[in-house]
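2 protein chains.
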Amino acid sequence: MAAQTVASTTDSTPGTQGAQDAGAPAPFGPAAALSCRECGARYPLSPVFACLECFGPLEVAYDLPTGDPEALRARIEAGPTNIWRYAPLLPVPADVTTKPNLNPGWTKLVKADNLARELGITGGLHVKDDSGNPTHSFKDRVVAIALEAARTFGLTTLSCSSTGNLAGAVGAAAARAGFRSCVFIPHDLEAGKVVMAAVYGGELVGIEGSYDDVNRFCSELIGDPIGEGWGFVNVNLRPYYGEGSKTLAYEIAEQLGWRLPDNLVIPIASGSQLTKIDKGLKELIALGLVEEKPYRIYGAQAEGCSPVSAAFKAGHDVVRPVKPDTIAKSLAIGNPADGPYVLDIARRTGGAVEDVDDEQIVDAIKLLARTEGIFAETAGGVTVGVLKKLIESGQLDPAAETVVLNTGDGLKTLDAVAPTTGPTATIRPTLAAFREAGLA
Amino acid sequence: MAAQTVASTTDSTPGTQGAQDAGAPAPFGPAAALSCRECGARYPLSPVFACLECFGPLEVAYDLPTGDPEALRARIEAGPTNIWRYAPLLPVPADVTTKPNLNPGWTKLVKADNLARELGITGGLHVKDDSGNPTHSFKDRVVAIALEAARTFGLTTLSCSSTGNLAGAVGAAAARAGFRSCVFIPHDLEAGKVVMAAVYGGELVGIEGSYDDVNRFCSELIGDPIGEGWGFVNVNLRPYYGEGSKTLAYEIAEQLGWRLPDNLVIPIASGSQLTKIDKGLKELIALGLVEEKPYRIYGAQAEGCSPVSAAFKAGHDVVRPVKPDTIAKSLAIGNPADGPYVLDIARRTGGAVEDVDDEQIVDAIKLLARTEGIFAETAGGVTVGVLKKLIESGQLDPAAETVVLNTGDGLKTLDAVAPTTGPTATIRPTLAAFREAGLA
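Chains as they are written, first to last, in full-length UniProt numbering: chain A, 1 to 440; chain B, 1 to 440.
No wet-lab data here; the hints were simulated from the structure.
In silico lysine to any residue, SDA-like type, Cα no more than 25 Å apart, as pairs:
hint: 1; chain 1: A; residue 1: K193; chain 2: B; residue 2: V362
hint: 2; chain 1: A; residue 1: K99; chain 2: B; residue 2: R370
hint: 3; chain 1: B; residue 1: K323; chain 2: B; residue 2: G209
hint: 4; chain 1: B; residue 1: K111; chain 2: A; residue 2: G201
hint: 5; chain 1: A; residue 1: K193; chain 2: B; residue 2: A418
hint: 6; chain 1: B; residue 1: K389; chain 2: A; residue 2: G201
hint: 7; chain 1: B; residue 1: K99; chain 2: A; residue 2: R259
hint: 8; chain 1: B; residue 1: K389; chain 2: B; residue 2: A116
hint: 9; chain 1: A; residue 1: K111; chain 2: B; residue 2: T156
hint: 10; chain 1: B; residue 1: K313; chain 2: B; residue 2: T326
hint: 11; chain 1: A; residue 1: K111; chain 2: B; residue 2: D95
hint: 12; chain 1: B; residue 1: K111; chain 2: A; residue 2: A78
hint: 13; chain 1: B; residue 1: K99; chain 2: A; residue 2: N114
hint: 14; chain 1: B; residue 1: K111; chain 2: A; residue 2: A177
hint: 15; chain 1: A; residue 1: K99; chain 2: B; residue 2: G124
hint: 16; chain 1: A; residue 1: K99; chain 2: B; residue 2: K111
hint: 17; chain 1: B; residue 1: K99; chain 2: B; residue 2: T157
hint: 18; chain 1: B; residue 1: K111; chain 2: A; residue 2: I76
hint: 19; chain 1: A; residue 1: K313; chain 2: A; residue 2: D325
hint: 20; chain 1: B; residue 1: K111; chain 2: A; residue 2: R180
hint: 21; chain 1: A; residue 1: K193; chain 2: B; residue 2: P419
hint: 22; chain 1: A; residue 1: K193; chain 2: B; residue 2: E190
hint: 23; chain 1: A; residue 1: K193; chain 2: B; residue 2: A191
hint: 24; chain 1: A; residue 1: K99; chain 2: B; residue 2: E118
hint: 25; chain 1: A; residue 1: K99; chain 2: B; residue 2: A399
hint: 26; chain 1: A; residue 1: K111; chain 2: B; residue 2: G79
hint: 27; chain 1: B; residue 1: K293; chain 2: B; residue 2: Y341
hint: 28; chain 1: A; residue 1: K389; chain 2: B; residue 2: G201
hint: 29; chain 1: A; residue 1: K99; chain 2: B; residue 2: G257
hint: 30; chain 1: A; residue 1: K99; chain 2: B; residue 2: N114
hint: 31; chain 1: B; residue 1: K99; chain 2: A; residue 2: E401
hint: 32; chain 1: B; residue 1: K323; chain 2: B; residue 2: A337
hint: 33; chain 1: A; residue 1: K99; chain 2: B; residue 2: L256
hint: 34; chain 1: A; residue 1: K111; chain 2: A; residue 2: R259
hint: 35; chain 1: A; residue 1: K99; chain 2: B; residue 2: D113
hint: 36; chain 1: B; residue 1: K313; chain 2: B; residue 2: S393
hint: 37; chain 1: B; residue 1: K99; chain 2: A; residue 2: E118
hint: 38; chain 1: B; residue 1: K323; chain 2: A; residue 2: T430
These figures come from a predicted structure and were not determined experimentally.
Excised from the complex, chain A in its bound form (with noise of 0.2 Å):
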């Protein structure tokens, strides 16, 4: 994709430390400000995360490409095969190919017919597998936008509190990017996920106390001296992040050849995710991308922490926040920000939240890779496992289309599936003894 020069909207402020010179790339393509969620109070591109009016989160507010939505297609096809071509939607300068990035994105959209004869779905179903991206989970998306806006905005140093897939996809990120990287993560961490998160070479600090004590311990640095210079991905960097999973509503319509399909399953972590893709099927309808129908999104949880689904099931608007207890670690958020967000959306377009418990989970893992050959992390037992018991129930038309998002792979989440997962027989290395087992 050739460089391009865009119009600057963005106005230079005292929180933008990149340098900007006249006539490169405006450093956020088409986003034009920060705007809070809740009041609507707008600020200059920063990184800052919450309304000084009224402490609501802020996201990215753009000023999008109006005109031919054909030239704007055409555009789009003619990109690379990761998020980038999506780069005239985000908050990224045209140029953003030329920087070393991770790529990630423009994973399978897989046409699931075996597991859509096994669930009674004649609609179509269709698996968007994003365990295809560098570090194998949804995060390198949203890490890649945190990425370059920490670079525009002249950090070095990218962080993350994390218990699994974003510490990896920070290190991965920043390793290539040239940046220091410093994860913090709970001391008590299982091994595996702690050589994830090292080998990158970045610094990886151990935190003698629980998840919550590693957030608050992030919470002050940030706010101390030490923390200046400091990108935070999911916290001072966080309106820039959460763009990135727009791309995920991009990539779907895109490969149903510029449509939109009637049902969304997705997990529910902070519930960022799902906030992200509704915002991506709307501006794909604003630009004319797609025609405009109805579709219907549905959250999924883990029984072990269903905040948002009790919430739904109770015909509340707050969550009530839980202690987690599941094996869907991805999910685990006890207390999700975008809690209330997820089920205005899914009321709005008449989803549901869902939940389903451990046994279930795996019992989805197992079904998703004898039926597909995907073999996903636990949050994608969850998805699938809820889109179950949504036909089951009644909540989900298995007529219409459904899309269901597979976020991590099934490499990240072993000790899941490994207590029943073995041999179909052991035997000596006969003909006789494989018939006797009957094998033959």
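Got chain A; can you put chain B on it based on the hints?
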């Protein structure tokens, strides 16, 4: 890509068990016959793998498309972002994309400027990162072609012997394609690898014995009536299977903008992959898809299983088998079938074969992770480690453009780096502790 009708070049033969309608696409596309690599004898396309005249290995011979290279390039570029974009050059029908398959390939070619700087390479360095395949190794490429051959031959069980990557690739591909699968492994395989092989729900049979015993048992099974209808991907389907590796050559050339690199560093297990990449490069030149230029092919082995490297250094034409002892288990074939062909290619192209020890493998895995954010399997440590050694010893010109292969994912061989990979520090959650640890 629209299905296209291609004139059949393949006679219906007794070995061809699949139905072949008049007017249907040629079941093996441009493939014309099997031919013996030793004596040149030709055989109809069928599930056989050894020459009846001289017992030499059989490989696929083609009637490749002649005519305008620009038109062929355009046809490829308009194809899907997986190996099937090269269907006109593979032994598959033109409508292959309509069949259920894992659709591997089109993995990233990563411009590795950081690694190049560390190694002193000035001519450009790229990592072809095959960890991005569906089951995270290059085996998905070869299995995909074997699966389509099995479908055409009317075989119903997909099988292999394996100690790792191949088991998962076969299990996953069979699941998606609706084949029965039956995979044989040594009974004492590590627990994690058993889970990866078993999760796709096919038969997984532990054999009480060594990997050699497993192979012997499989040969017996093929010759027995029990084995009728079975496709052992790397035995009776081996001629088709091997062709999958050609796609690595095609992708590298296309991703470089339809041109060849100066050097390629490729791991050696059986040696098949290296010989097929060479075959693919020669085809690209013959078809006019790239300009003809010299290229050097370098083979990479682990010191603990380096029979080809030893023969190369000794100036021998034959390879003396060894008993493998290395952490690079996916390359641990002590008696590599294609060893002599590898020696010939390395010498003919002006390349070399080199090896590195286990400590160098681990160091190279970490070097690649730290510089490019790519976490490689031990086989990727072998190629990157060998690249380093080739430069240090003056065998590879750092001013030339080099492509190094990573054929698998680090998540599959966590044990290799685990003992030496961990947190930088473990601290209490206070800023004072952070400062004391020297991290601020």
